[in-house]
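Residue numbers (the working numbering), protein chains in the order written: chain A, 1 to 626; chain B, 1001 to 1161; chain C, 2001 to 2102.
Since the hints were made in silico from the structure, they are not lab data. Do not rely on the hints blindly, as some may be mistaken.
Here are some of the chain B residues that sit facing chain C, going by a computed Cβ distance under 10 Å [unchecked claim]:
no.	residue
1	1063
2	1093
3	1123
4	1147
5	1149
6	1160
We put the beta carbon where it would ideally sit given N, CA and C, even for glycine.
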Amino acid sequence: MQTYLSLMLLFPLVGGLASALLGRKLPRVLVEGIACAAVWGSFACAALAAAAYAAPETVTVAGWFASFDLDIPISLYLDPLSLSLAVMIGFVCGLIHIYAVFYMRSEEDYPRFFALLNIFVFAMLTLVLAESLPLLYLGWEGVGFCSYLLIGFWYTDKNNADAGRKAFITTRIGDTALMVALAWLFQLFGTLSVSKLNGMGFLMPGSIITALGILFLVAAMGKSAQVPLMVWLPDAMAGPTPVSAMIHAATMVTAGVYLLARMFPLIGGSATVLSAIAVTGGVTAFYGATCALAQRDLKRVLAFSTISQIGYMMLGVGAGAVTAATFHLLVHAFFKALLFLGAGCVITAMHHEQDIFKMGGLRRSLPLTFWNFLAGAACLAGLPLTGGFFSKDSILMAVWHKGGALYQFLYLLALATALITAYYAFRMVYLVFGGPGGDGHLQSGSELKVMQLVLIPLALLGLFGGLFNLPAYIGEGYLNRLFAGVAGGAPGGGSHLEEIVMQAIAGALALAGLLAAYLRYGKGRAQRLEEAGSQPSLLGSFLAHGWYFDNLYNLILIRPYRALAAVLWQRLDEGVIDDSLDRLAHALGRTGSWLGRWSTGRVSIYLISFAAGGGVILGYLAWLAL
Amino acid sequence: MEATLFYILAAVTLTGTLCAVTAGQAVRAIVYLVTSFFALALIFYLLGAPLVAAFEVIIYAGAIMVLFLFVIMMLELGSPEKLPKPRLSDWWPALLLMGAVIGSVVVLVAARQPAGVPGFTEISVRQFSLALFTRYGVAVEVISMQLLFALVGALYLGRRR
Amino acid sequence: MSVPLYHVLVLAAVMFAMGLACVVAWRANVIMMLIGIEIMLNAVMLVFVGGSAHWGIADGQLFALMLMALTSAEVSLALAMVVYLHRRKHSVNTDHFDSMRG
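Bound conformation, chain A alone (with noise of 0.2 Å):
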C-alpha cells in the first residue's frame, strides 16, 4: 500500500519536473507523453490500492519537520473518502490530459503547461491523501498556485493576468483562515495529525468549536468558490479550457468541500458550524444558478453552474451527510468536465467564439459533441434516472431529513435552484446546438476529432453514475456501504416512500425546467436571438453581473485599499521620506557653502578668527583653573 500511495504522488511530480526541466530539449510528443503517462500511472495506482483496499490505515512516507513538540510526517490517510477521490482525480485529470494534448496543438509554451497540469495533479493527489494538515496545507496552496499560473496561462493579455492575480488573492482569504486553524488547532490540541484530531473534539468547548469550524468554512469558502468569496471564478475562465474543466470543475474548486468532509468529526459536533454550512451552500446554490440564466458566454454558464453545484455539496456536508456530497462530487466531477471539455470542443469548431447567442445549429455539424453534451446537460439538470438525479436528491433527502426551520427553508431553496438548474442547462443546449444551422464555416480536423472521442467515457459515468450509490428502495448503495465507516456517512433515515415522493417531485422540476427552456429557447428561439441584441433588462443585467458583487467589492474594499496606497505612496513615500532625505542633503549643502563662506580671502577676516580662537582657549584654561 506504501508503494501505491508513493507512486501515486511521485509520478505526477516527476513528470510535472520533467516537462519544467527538459520540455524544451525534449520533442513534443515525448513530452505529452510523459505527461499522461505520470497521470494514467497515477490512476493505475489509485486503482490497484482501491483494489488492495481493506480498512482505513495511515502510511508514513517520511519525515518532513520536527522540532520540540511539533511533528510533521509526510504521512498520508487512505480511507474510503480519499481513496474515491483520489481515483476519481486519477481518471478525470487522465482524460483531460489527452483532450489538453489536442486542444494545445497549437501552442508553443507547451513545456510549461504540461508541467503545471502535472504539479497540480501532485498538489490534489497531496492535498487529498493528507493526513497531516501541514500536508494538506501544502496540497492547498499547490493547487492554488498552479491555479493561478493557469489562469493567467496567456499571461500576455493583461485581463488573463488580472484574472489569475484576483483568483489568488481571493483564495488567499481562506487559505489565511485555514493558516490562523491550524495555528489555533495546534496550539489547542498539540498535535496536526488528522486521525488524531477527529478523536479529540469532545475535549474542548463548544464555542471553541464553533471557532474552529467557522475558520474552516471560510477556508473552504475561499477554495470552493461559495458566496462572499466566489468573485473569482467566472473570471477564472480566462484560462484555457482543459485548465477550467480540470481545475475549476472538477478537481480544486472540490478541495473545500473535502476539507469539511476531512474534519467533519472535529467540527460537526457544533450544530452553528453545520448551520452555517448549510447556510453557505443553500445561499450559493441560488446565487449560481440565478447567475447562469442571463450569462452570454458559454464558460461563464459553466463557471457559475459549478459554483451552484458547490453549494448543493456544501448543503450535504451542513446537513451532515458526508456520503451524499461525496457522492455528487464525483458525479459533478464527471458530467462537469464533460460539459466544460464539450464546450471547449464547440469553442474550437467556432474558432474561439464563446457567445451562445452566435452560436447554432451545431448538433448537425458536431453530432459526437452534441450528444455527450446533452448527456452532461442532463445529468445537471438532473433528469430522473441520469448519475446526477440520484446524487442530488440524495442531497435534498438529507436536508429535509435534518429538520428544523432552518434546513426546511434550505431544502424548499434547493428545489426553486433544482428547477433554474434545469432551465439555464437546457437553455444552454438549446441555444448553442438547436435552431437553423449556422452560417459561419467551422474549424474542423483530427484534434476535434479525438477531443470528442474523449468525452464518451465521461459522458457514460455520469449517465449510469447513479448506480454508485443506488437509492434504499432498489438497494443499499455501494457508496453507503462503502462510506459506512466514515463520520457522518450514515445513510439519512427515512422511509421508502418518502424518498419515492422526494425524487418524483424533484424529477417534476427537472422535467418543468426542460420545458420551460424549450418553450422559450427551442421554440421561441429566433425571438430571443432577437432579444439578445438590444439592451438587457434592469434584472437581467442584475444577474449577469453575478448580483453586482464584483462592484461591491470594489467600492467597499478594493477603492480604499488603492487611495490608501496612493497616499502611503506619495505622500508618505515621496514626501516624507524622500523629500526628507533629499530636504536633509539640501540642507547639509547650503550649511556646507554657508561656511564656506569664511574663506573670503581677506587677511582682516582670517586674523579675528584667529585672534577669537586663541581668546577662546585662553578663556577655556582660565576657567579649568577657577
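The hints should help you fit chains B and C onto chain A, whose structure is shown.
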C-alpha cells in the same frame, strides 16, 4: 622705591600703548609707541637686564620704528583720508578679546601665586655675554644667517622691475 | 626690588592684550597691524626678562635679545612686502587683497 618707580613706568607704558592704538594717524601712533618703548626699556633695567634695555632703545626704538616711519612716508600714507579708521563694529571684538585675554591671564596667574616674594637678581653684562657666546653660540650664528636672509628678501621684494 | 613676578606678568598681559586689540581693531590696515604685532612682541620680551630676573639665570634675557633680532628681520621683510603691495594696488587695505577667497 624701585617698586614705585616700576609702577609709574608701567603706567607710562600702558598709556603710551593706548594712545598708539587709538591714534588717528600712523606717524602719531609710532611716536607714542616710541615713548612706550622708552619706558619699557627702563623697566628692563629695573628688572636687572641692562643690556636688553640698551638694545631695546637702540634696535627697537632706534631702528625698527624709524624703518616704520620711513616706509609710511615713502608710501605717502600720512594724510588721514588714506587710512581707513576703524569704526565701532571693529572696536568691540577687540575690546572683547582684550577682556578675555586679561581676565584669563589674571585668573591663571592668580591661581598659582607662590607664597613668598623673592627679590630680583641682577644679571651682569659679563654673565650675559658668557652665556650668549658659550651656550647660545650656534643661535648667534643662526640669527646672523637669518638677518642675511631678511636682507636678501627685502632687496628682492623692493626691487624696481 | 620687590615687585612680585605676578605683577610683571599682568603688565605684560595687558600690553599683549592691547597689541592684540590693535591688530583686531585695525585689521583693515596693514601698517597698524604691524605696529600691533610689535607691541605684542615687546610684551613677550617683558615676560622673558621678568622670568630671568625671578630665577636669576641669563637665558631669559638672551632669548629676549634673540627675539629682538628676529623681530627686526621680520619687520624689514614685512615692510618690504607692504611697499610691494602698495606698488601693486596703491592701497594698504588688507581687504583689497582677497584673491585667495573661496
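Here is what the structure says about each hint:
| no. | hint | result |
| --- | --- | --- |
| 1 | 1063 | holds, 6 Å |
| 2 | 1093 | holds, 6 Å |
| 3 | 1123 | holds, 5 Å |
| 4 | 1147 | holds, 5 Å |
| 5 | 1149 | holds, 7 Å |
| 6 | 1160 | holds, 9 Å |
Going through the hint list in order, the structure satisfies each hint without exception.
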